[in-house]
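Asks: The chain contents come next:
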Amino acid sequence: MLHTIVCLKVVPKSEEVTINEETRTLDRSRARSEVNAPDMNALEMALALKTRHGGAVSLLSMGPPFFERYLRLGLAMGADSAYLMSDRAFGGADTLATSYALAEGVRAIGGYDLIICGDESSDGATGQVPPGIAEWLELPQITYASTVRLNAKEKLVQARRELGAGFEVVESPLPCLVSVKQDINEPRFLDFQRWDWAMNDAPVTVWTAAGLGLDESRLGLAGSPTTVAGVSLARSAERRHEFLSGNPEEVAAQLLEKIRPWVRAG
Amino acid sequence: MTDPIYPADEASGLWVYLEQQDGRLAGVSLELLGRGRQLAAEAGGKLTALLLGHDVGPLADEAVACGADQVLLAEHPLLQHYTTGPYTDVVTRLVLDRRPDILLLGATANGRDLAGRLAVRLRTGLTADCTDLRIDAATGLLLGEVTGFGHGVLATIQCPRHRPQMATVRPGVFPRPAPDTSRSGSVEPVQVRLGEGDERVRVVRHSSRRGVDITQAKRLVIGGRGVRGDFALLRRLARALGADVGATRVAVDEGWARDDMMIGQTGSVARPQLTIVCGASGAMQFTVGIQDSETIVAINSDPEAPIFELADYCVTDDVFQVIPPLIEALEREKALGRR
Ligand SMILES: Cc1cc2nc3c(=O)[nH]c(=O)nc-3n(C[C@H](O)[C@H](O)[C@H](O)COP(=O)(O)OP(=O)(O)OC[C@H]3O[C@@H](n4cnc5c(N)ncnc54)[C@H](O)[C@@H]3O)c2cc1C
Ligand SMILES: Nc1ncnc2c1ncn2[C@@H]1O[C@H](COP(=O)(O)O)[C@@H](O)[C@H]1O
Numbered sequence: 001m002l003h004t005i006v007c008l009k010v011v012p013k014s015e016e017v018t019i020n021e022e023t024r025t026l027d028r029s030r031a032r033s034e035v036n037a038p039d040m041n042a043l044e045m046a047l048a049l050k051t052r053h054g055g056a057v058s059l060l061s062m063g064p065p066f067f068e069r070y071l072r073l074g075l076a077m078g079a080d081s082a083y084l085m086s087d088r089a090f091g092g093a094d095t096l097a098t099s100y101a102l103a104e105g106v107r108a109i110g111g112y113d114l115i116i117c118g119d120e121s122s123d124g125a126t127g128q129v130p131p132g133i134a135e136w137l138e139l140p141q142i143t144y145a146s147t148v149r150l151n152a153k154e155k156l157v158q159a160r161r162e163l164g165a166g167f168e169v170v171e172s173p174l175p176c177l178v179s180v181k182q183d184i185n186e187p188r189f190l191d192f193q194r195w196d197w198a199m200n201d202a203p204v205t206v207w208t209a210a211g212l213g214l215d216e217s218r219l220g221l222a223g224s225p226t227t228v229a230g231v232s233l234a235r236s237a238e239r240r241h242e243f244l245s246g247n248p249e250e251v252a253a254q255l256l257e258k259i260r261p262w263v264r265a266g
Numbered sequence: 001m002t003d004p005i006y007p008a009d010e011a012s013g014l015w016v017y018l019e020q021q022d023g024r025l026a027g028v029s030l031e032l033l034g035r036g037r038q039l040a041a042e043a044g045g046k047l048t049a050l051l052l053g054h055d056v057g058p059l060a061d062e063a064v065a066c067g068a069d070q071v072l073l074a075e076h077p078l079l080q081h082y083t084t085g086p087y088t089d090v091v092t093r094l095v096l097d098r099r100p101d102i103l104l105l106g107a108t109a110n111g112r113d114l115a116g117r118l119a120v121r122l123r124t125g126l127t128a129d130c131t132d133l134r135i136d137a138a139t140g141l142l143l144g145e146v147t148g149f150g151h152g153v154l155a156t157i158q159c160p161r162h163r164p165q166m167a168t169v170r171p172g173v174f175p176r177p178a179p180d181t182s183r184s185g186s187v188e189p190v191q192v193r194l195g196e197g198d199e200r201v202r203v204v205r206h207s208s209r210r211g212v213d214i215t216q217a218k219r220l221v222i223g224g225r226g227v228r229g230d231f232a233l234l235r236r237l238a239r240a241l242g243a244d245v246g247a248t249r250v251a252v253d254e255g256w257a258r259d260d261m262m263i264g265q266t267g268s269v270a271r272p273q274l275t276i277v278c279g280a281s282g283a284m285q286f287t288v289g290i291q292d293s294e295t296i297v298a299i300n301s302d303p304e305a306p307i308f309e310l311a312d313y314c315v316t317d318d319v320f321q322v323i324p325p326l327i328e329a330l331e332r333e334k335a336l337g338r339r
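Taken in sequence, the protein lines are chains A and B.
Mapping to the numbering used here: the first sequence position 39 is 39, numbers consecutive.
Mapping to the numbering used here: the second sequence position 154 is 154, numbers consecutive.
Since the hints were derived computationally from the structure, they do not count as laboratory data.
Errors might be hidden in some of the hints.
Derived DEER-like restraints, expressed as beta-carbon distance ranges [unchecked claim]:
no., chain 1, residue 1, chain 2, residue 2, range
1, B, 7, A, 194, 51 to 59 Å
2, A, 194, B, 57, 57 to 65 Å
3, A, 243, B, 204, 47 to 55 Å
4, A, 211, B, 58, 50 to 58 Å
5, A, 250, B, 139, 52 to 60 Å
6, B, 55, A, 88, 47 to 55 Å
7, B, 334, A, 250, 19 to 27 Å
8, B, 228, A, 156, 37 to 45 Å
9, A, 247, B, 132, 38 to 46 Å
10, A, 88, B, 136, 25 to 33 Å
11, A, 32, B, 302, 19 to 27 Å
Note that CB positions come from ideal geometry on N, CA and C, so glycine has one too.
Put together the whole structure using the sequences plus the hints.
Replies: Right, dumping it as structure tokens:
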């Protein structure tokens, strides 16, 4: 029996996040939300492992109460239980405080063999939370995985890591934390037979910081060693914005004139 | 908050972690040595390079030539391939012994794997994926500039109390220093205490490919979703231009281009003289990788595509219509040049 915990984050759809031109701050109010893309691949991987090896899949997320809807979608896809850490005290956390809180959530769920995360979140996008969780829990970690195979009898996990200019295959004992790359599999559709259960009856446990007995000084903004020193406009080079027109041959000829200085001679 | 593991006023020196593979230093490590050299001078401190591996001694001299005052050389058979546990243990011991003020790493897959783990072990702050690094003249603090806070906005992150101040930097952000073999620096071998039990994750197979290093391209042709898998066309254009080929994340995810060809926040940052962007919409996570190009050409059939906001020359047409005559024109030109 394999118990996998999947860390799911809900993020604003990045193409719908706009900038408030006056305050130059992020305006998420008009952006719809979605589960962070690689986290869906993490969930699919956990469900596929469950199909093969049996066991259970738990979902863990830290964020505002509306995340619950997305956890229920995960339950409808095939997960067995869900845990949402929701408290103002968790807000404004950098990676040290985020990974600390999530590691405490994992401890509270307990009895796990495998933790699967996405490789990065689109609004955090640093990929530092998974190694952080692994360190707080003193677990081995395998980041940037594209395939994962399990030897349940030997309690070993074997994974292929994508390294940009190459790859490697690594092996680790369980329990272990794995972060997976986006698009490594096709997340399954909702299982409509599970819909009613997932939306109404399925257990979604909501935890506050106090409920978990956590020390608030280590959470959220208060527990974050990094601070934002300032926000500025991106340097944007002056660009010519010259539109070329004509039929493709004419455009190609004009373009060649424009770029000739950079074309390698001969 | 967790207390700093050592106080800021006892911390000194700027450290750069050197990533090496198959007997070569990673490009981003050289870039960090170059920038580290400048920052250390501003802060009035020493630049120390950390080199971990097995039989990697010769790389220490290269690090000195590229700006290090001192190289801490940790060699051990268990350090031959990067694995999280042993690398974290070795760096942690060195940091606790010598108390650096700043620790910089490259934002590669393994650099991020190590940085995320180390920052928690050392209970300190980490500014990840920086697109610039500075020292605040007033406070002496490291300022890391990061994107990702939305379109056209940059945030500056600092770590006031905790040490070392850690940051990772994307490949290609800083120029590579020209090696100066007359520079002098010390190479100090350090003792490594590791046993088999420290290595929980074992590398079963390792395969690295020496691809083109896209961060150094002078001319770049980049394909996005609009190229619909026809990277052969882009390669022909690139050949005619003497350019390298890059790709958006969508093109890499679709399997049309290799991982190491990806340009942008997750990929590499390049600063070519000429960049031709074909069939890419111009998402901000992509444009951070090309915004410092001297000249940008965009070819996109949608006149509203945001990529045009960043382009010098804008072609609102189908890539399959425009690129073939452009290749022909370039080849004609070359044939004329040879005569
Ligand atoms: C955390 C995070 C990190 C990311 N990192 C990166 C990164 O490093 N690099 C990166 O590239 N992306 C990155 N992305 C993804 C990024 O947000 C965009 O989704 C991606 O860049 C879009 O790729 P694209 O322009 O190829 O595709 P699309 O956005 O789909 O654009 C395709 C374009 O092609 C045009 N087109 C279609 N057909 C034709 C034709 N025949 N001729 C001409 N034009 C045509 C269309 O008009 C459209 O504008 C990241 C996203 C996240 C959330
Ligand atoms: N608030 C959160 N709740 C649940 N999982 C998270 C949260 N933040 C990060 N993660 C996990 O960590 C991964 C990497 O996130 P990040 O380090 O922020 O880029 C995500 O893909 C998630 O699996």
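Asks: Check the structure against each numbered hint from earlier and tell me which ones fail, lowest number first.
Replies: none
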